[in-house]
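Participant: This is what each chain is made of:
Protein chains: 2
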Amino acid sequence: MQALVPFDARHPKSRLSDVLDDDERQGFARAMLADVLDALDQAGHSATVLSTAPVECDAPVVVDDRPLTTAVNDALDDRPLPVSIVMADLALVTPDALDSLFETAGDVVLAPGLGGGTNALAVRHHEFQVDYHGTSVHDHRENAKAVDADLGVVDSYRLGIDIDDPMDLIEVLLHNNRRARAWLVDAGFRAEAHDGRATVTRPDGKG
Amino acid sequence: MQALVPFDARHPKSRLSDVLDDDERQGFARAMLADVLDALDQAGHSATVLSTAPVECDAPVVVDDRPLTTAVNDALDDRPLPVSIVMADLALVTPDALDSLFETAGDVVLAPGLGGGTNALAVRHHEFQVDYHGTSVHDHRENAKAVDADLGVVDSYRLGIDIDDPMDLIEVLLHNNRRARAWLVDAGFRAEAHDGRATVTRPDGKG
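As you go down the protein sequences, you meet chains A and B in turn.
Under our numbering, think of the first position of the first sequence as 1, with each following residue one higher.
Under our numbering, think of the first position of the second sequence as 1, with each following residue one higher.
Careful: at least some of the hints might be erroneous.
From the structure, some residues in chain B lie toward chain A, with a derived Cβ separation under 8 Å [to be verified]:
(1) 15
(2) 116
(3) 137
(4) 156
(5) 191
(6) 196
To give an idea of the interface, some chain B residues facing chain A are shown, with a C-beta separation under 8 Å as derived from the structure [as the list claims (entries may be wrong)]:
(7) 97
(8) 112
(9) 114
(10) 115
(11) 117
(12) 134
(13) 135
(14) 155
(15) 160
(16) 164
(17) 170
(18) 175
(19) 193
No wet-lab data here; the hints were simulated from the structure.
Glycine included, each C-beta is placed from N, C-alpha and C at the ideal position.
Can you build the whole structure from these sequences, using the hints too?
Facilitator: As structure tokens, this is what we get:
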């Protein structure tokens, strides 16, 4: 399947600004992007990065600086279906998790993300449109219904956890064993156990 | 499969104390417990609640007020295997998600939870012991290795999201359609969209 990987090359991961400076956020976002592209490649899918600015990576890049929803809908119009849309910050993603997305039946298959996001989609219906504004998992259900598309939902932790907030970084340390984890370890991040959920600590750094 | 459902009937969900008072936390925790018991029943499993104090619910209750790890290990010793251990705050759980836990191959199968927790386990190995202190998903991997148990991991958002912190409540509003969601709606909680993840708001309440 053709996969679109939206990426913000200009201001990536702004919600990590309390723990990573601008350059660090650029580096960490690119490490996650590389991991996502690797997983897509290993799952046998052909990725195109849909980026807000030029970015060096191991896939063709289409630059489109319009809002995410507009850029993705136009990219869907331009391509033969099926097409998947896989977010660039899914640092936990594996080929198996992607297979479960692609193998779930439905004209539109979505992977819900934390806080109502839509972390991945497989689109096989020509009239379906994305809407990433607001609670997109709700809007995508409605949009599928509006065009009579059968909706599938894939139940996956690895697709559901996107890395947006500082509290998400522990998930990378615990469940990624590739570039994104190596990047955090090199930057001095360590796991810290608590009575409740574990978090990260950065003894010598900004966080 | 026999299922153990640990439940803290005395001080449930203390990390929700910023948004729910004591009585409310008792009510909400019992609504989630009822949903988990329903899902186990629908999946054809026989649940026993392992509670720190007596609790009224739709399953047999064993009262054990010792720490969670001790109580669960003793309960495992007492029972013919396989036994599953399913946390009482998995408000997103469905019979399908439980099936994926029970159908994954392994002497020990675990469902990772946010922040390194272990939200569900299926245990088919007599020497395996649980350890819920600290980063349990790590400790359970090590404990399985130490007794030469084949480890399976189930990739499930519905098993991975436990409801512990105020930010988790949005997941109940979005992905539960049973008692726990009804409880939150009755208590005045509503979803609120943002640029990032959606959260809950409670216009007329404590939250």
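Participant: Give a verdict on every hint.
Facilitator: Now the hints, each set against the structure:
no. : hint : result
1   : 15   : 6 Å, holds
2   : 116  : 4 Å, holds
3   : 137  : 7 Å, holds
4   : 156  : 5 Å, holds
5   : 191  : 6 Å, holds
6   : 196  : 6 Å, holds
7   : 97   : 6 Å, holds
8   : 112  : 6 Å, holds
9   : 114  : 6 Å, holds
10  : 115  : 2 Å, holds
11  : 117  : 7 Å, holds
12  : 134  : 4 Å, holds
13  : 135  : 5 Å, holds
14  : 155  : 5 Å, holds
15  : 160  : 4 Å, holds
16  : 164  : 6 Å, holds
17  : 170  : 6 Å, holds
18  : 175  : 7 Å, holds
19  : 193  : 4 Å, holds
No hint from the list above goes unmet by this structure.
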